[in-house]
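Engineer: Spelled out, the chains give:
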Amino acid sequence: MPIECRNINYKYPGAQFPVFNNLNCRVGEPGFHALFGQSGVGKSTFARMIAGQLNGFAGEIEIREPKKVFYSYNLERLPGWSGVGEHIEKVTPEANRKRIDEIIESFGLSACMGSGFSRLSLGQQNRVNLARYLLQDFDLLIMDESLANVDEATREQIIFKIKEMFPQKSFLYISHSVAEVSMFCMNIIVLRSFLKTPQTLTIKGQDDVRGRQIVKKDLEETMLEIVNAS
Amino acid sequence: MLHKRLYQFVLVYFIGLAFLFTVKGVFNLSDYVIPGLPDIYSTVHRVFTRYFFDVLNTLSVAIVGHILSIAMATVVGIIGRLSNWMGSLIRTAAFNIQAYPIVAVAPMIFILLGDGLSSRLLIASMICYFPLLLSFIGILSEPITDIEHFYVHSGRMRWQLEVKIRAFENMNKLITVVAGSATLAMVGTIVSEFIGASAGIGYSIRIALYQSDLSKILVALFMIGIFTSLYLAVLEWLGHIVSRSWGKREA
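If you read the sequences in order, they're chains A and B. If you read the first sequence in our numbering, its first letter stands for residue 2, the second for the next number, and so on. If you read the second sequence in our numbering, its first letter stands for residue 3, the second for the next number, and so on.
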């Protein structure tokens, strides 16, 4: 489900400068994509526009059917009155319930199911939040630093698992780690300052999957390209 | 909780009493103006039982009025949290009406409804209703984005869930506001009895005032303080139970 963004212009009310100035890009093919850029460049703003959570911008975002876009971010919390397991059971659509155990186990969350969300570590909270989104019926899942507090090894396992479980779904991964987006993502959309034209550049990533050996030189080249682009 | 409230009240009460006796001593005032300890002691013996039931009467009206105003503030607060014209209208009306001193309307209520229970109940609930309403509107109209985001964007958000999330996240504030407004309910009831009713401790204070009998007033104040402290302690205890049972999975 490709998403075409054409001539996006946006300025926050009361802000002196725009966030986007004639931004054009295409996202959303099945696979793992990244949105990369410096802090404050507008990654989350852009993601919220795609998810339909931010309006009032000029330009056009065309989402072809089906268009179930979910936007998750790392600061989300679960309500405090129910345990993690109870909550996940409740918010998972009937058809996806058979996936609960697989996701929970592969995310290393089995021991957390009986606990309250606030009792978990930040990394566990990130994983629980992502797990409940993966159990929804989505076409594109935007992961805005959704694994920010998870250690590298676990993060790698989680991304590999997502790729294996959802090969037909699209993911837009927002991260500040050049190495991470270079290694795991198919395409990296580098979002740049509104002063630069074009405001986005798309760079091909290594799209690593479990069992494949990445050539170190290729990875370094991708990383260099991203750094130069941003 | 209870013993702390009682200690605090008794301490404040006896400091006040000591101040009165100091004034009496310094200005050499007669027992007619500020009675001595023997006078107060004999008054306690004479009026204790009657005042005990008067305060119970007042407290029961205050509790019913308080419950009514909590229920009304909850319903109106739920509607007032909305961002549409109705919510906006309710918020504006609440902010404007609460600025008017309700006590000033009390005589009109007595003229229209008489000096019975309904007038006392109405005044008590009106006095604690607006502070409650403003707090409820404030709490219920403040989104808890970190929690609500998932429900909103997965299409699961219902107004009941929204209210539940916001109430749960602000449980301590709600308990404080409800407990705080209990004093207002008691004040409202006493004021209404003082103005025009023919029952309750406020009415007894009015009679004592006409008789210029400070001993009776001091006894009434002591009993009002004790009963109000008890009611506040019960509310805090209930709030503690609610937040503990509702939030038992929280850290």
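One thing to keep in mind: the hints can contain errors.
As the list claims (entries may be wrong) - Computed far set for chain A versus chain B, every beta-carbon distance over 12 Å:
# : residue
1 : PRO19
2 : GLN54
3 : TYR72
4 : SER73
5 : ILE101
6 : ASP219
Said to hold, decoys possible - For each label pair, taking beta carbons as the anchor points, the in silico distance ranges come out as:
#  : chain 1 : residue 1 : chain 2 : residue 2 : range
7  : B       : TRP87     : A       : ARG65     : 31 to 39 Å
8  : B       : ILE81     : A       : PRO199    : 42 to 50 Å
9  : B       : VAL77     : A       : SER83     : 23 to 31 Å
10 : B       : ALA101    : A       : SER178    : 48 to 56 Å
11 : B       : GLN162    : A       : ALA112    : 29 to 37 Å
12 : B       : VAL77     : A       : GLU95     : 33 to 41 Å
To be verified - Within a straight-line C-alpha distance of at most 35 Å, the following computed DSBU-like cross-link-like pairs (lysine-lysine) qualify:
#  : chain 1 : residue 1 : chain 2 : residue 2
13 : B       : LYS26     : B       : LYS6
14 : A       : LYS162    : A       : LYS99
15 : A       : LYS12     : A       : LYS99
16 : B       : LYS6      : A       : LYS99
17 : A       : LYS12     : A       : LYS218
18 : B       : LYS6      : A       : LYS91
19 : A       : LYS170    : A       : LYS218
20 : B       : LYS166    : A       : LYS170
21 : A       : LYS217    : A       : LYS197
22 : A       : LYS99     : A       : LYS68
23 : A       : LYS91     : A       : LYS12
24 : B       : LYS175    : A       : LYS91
25 : B       : LYS166    : B       : LYS26
26 : A       : LYS170    : A       : LYS68
27 : A       : LYS205    : A       : LYS170
28 : A       : LYS217    : A       : LYS91
29 : B       : LYS166    : A       : LYS69
30 : A       : LYS68     : B       : LYS175
Since the hints were made in silico from the structure, they are not lab data. From the three backbone atoms N, C-alpha and C, an ideal C-beta is built for every residue, glycine too.
Engineer: Work down the list of hints and note, for each, if the structure agrees.
Structural biologist: Outcome of the hint check:
1. PRO19: holds (24 Å)
2. GLN54: violated (7 Å)
3. TYR72: violated (7 Å)
4. SER73: violated (8 Å)
5. ILE101: holds (16 Å)
6. ASP219: holds (37 Å)
7. TRP87(B) / ARG65(A): 31 to 39 Å: Hint holds: Cβ distance 36 Å, inside 31 to 39 Å.
8. ILE81(B) / PRO199(A): 42 to 50 Å: Given range 42 to 50 Å: holds, Cβ gap about 49 Å.
9. VAL77(B) / SER83(A): 23 to 31 Å: holds (26 Å)
10. ALA101(B) / SER178(A): 48 to 56 Å: holds (54 Å)
11. GLN162(B) / ALA112(A): 29 to 37 Å: At 32 Å between Cβs, range holds.
12. VAL77(B) / GLU95(A): 33 to 41 Å: Since VAL77(B) and GLU95(A) have Cβ atoms about 34 Å apart, the given range 33 to 41 Å holds.
13. LYS26(B) / LYS6(B): holds (30 Å)
14. LYS162(A) / LYS99(A): Given pair LYS162(A), LYS99(A) holds - Cα atoms ~16 Å apart, limit 35 Å.
15. LYS12(A) / LYS99(A): violated (44 Å)
16. LYS6(B) / LYS99(A): violated (54 Å)
17. LYS12(A) / LYS218(A): violated (40 Å)
18. LYS6(B) / LYS91(A): violated (43 Å)
19. LYS170(A) / LYS218(A): holds (29 Å)
20. LYS166(B) / LYS170(A): This hinted pair holds, its Cα atoms lying about 33 Å apart.
21. LYS217(A) / LYS197(A): holds (30 Å)
22. LYS99(A) / LYS68(A): Measuring from Cα to Cα gives roughly 23 Å; hence the hint holds.
23. LYS91(A) / LYS12(A): The hint is violated at about 39 Å.
24. LYS175(B) / LYS91(A): holds (28 Å)
25. LYS166(B) / LYS26(B): violated (56 Å)
26. LYS170(A) / LYS68(A): holds (11 Å)
27. LYS205(A) / LYS170(A): Holds, at about 18 Å.
28. LYS217(A) / LYS91(A): Distance of about 44 Å is beyond 35 Å: violated.
29. LYS166(B) / LYS69(A): Cα-Cα ~27 Å, so holds.
30. LYS68(A) / LYS175(B): violated (40 Å)
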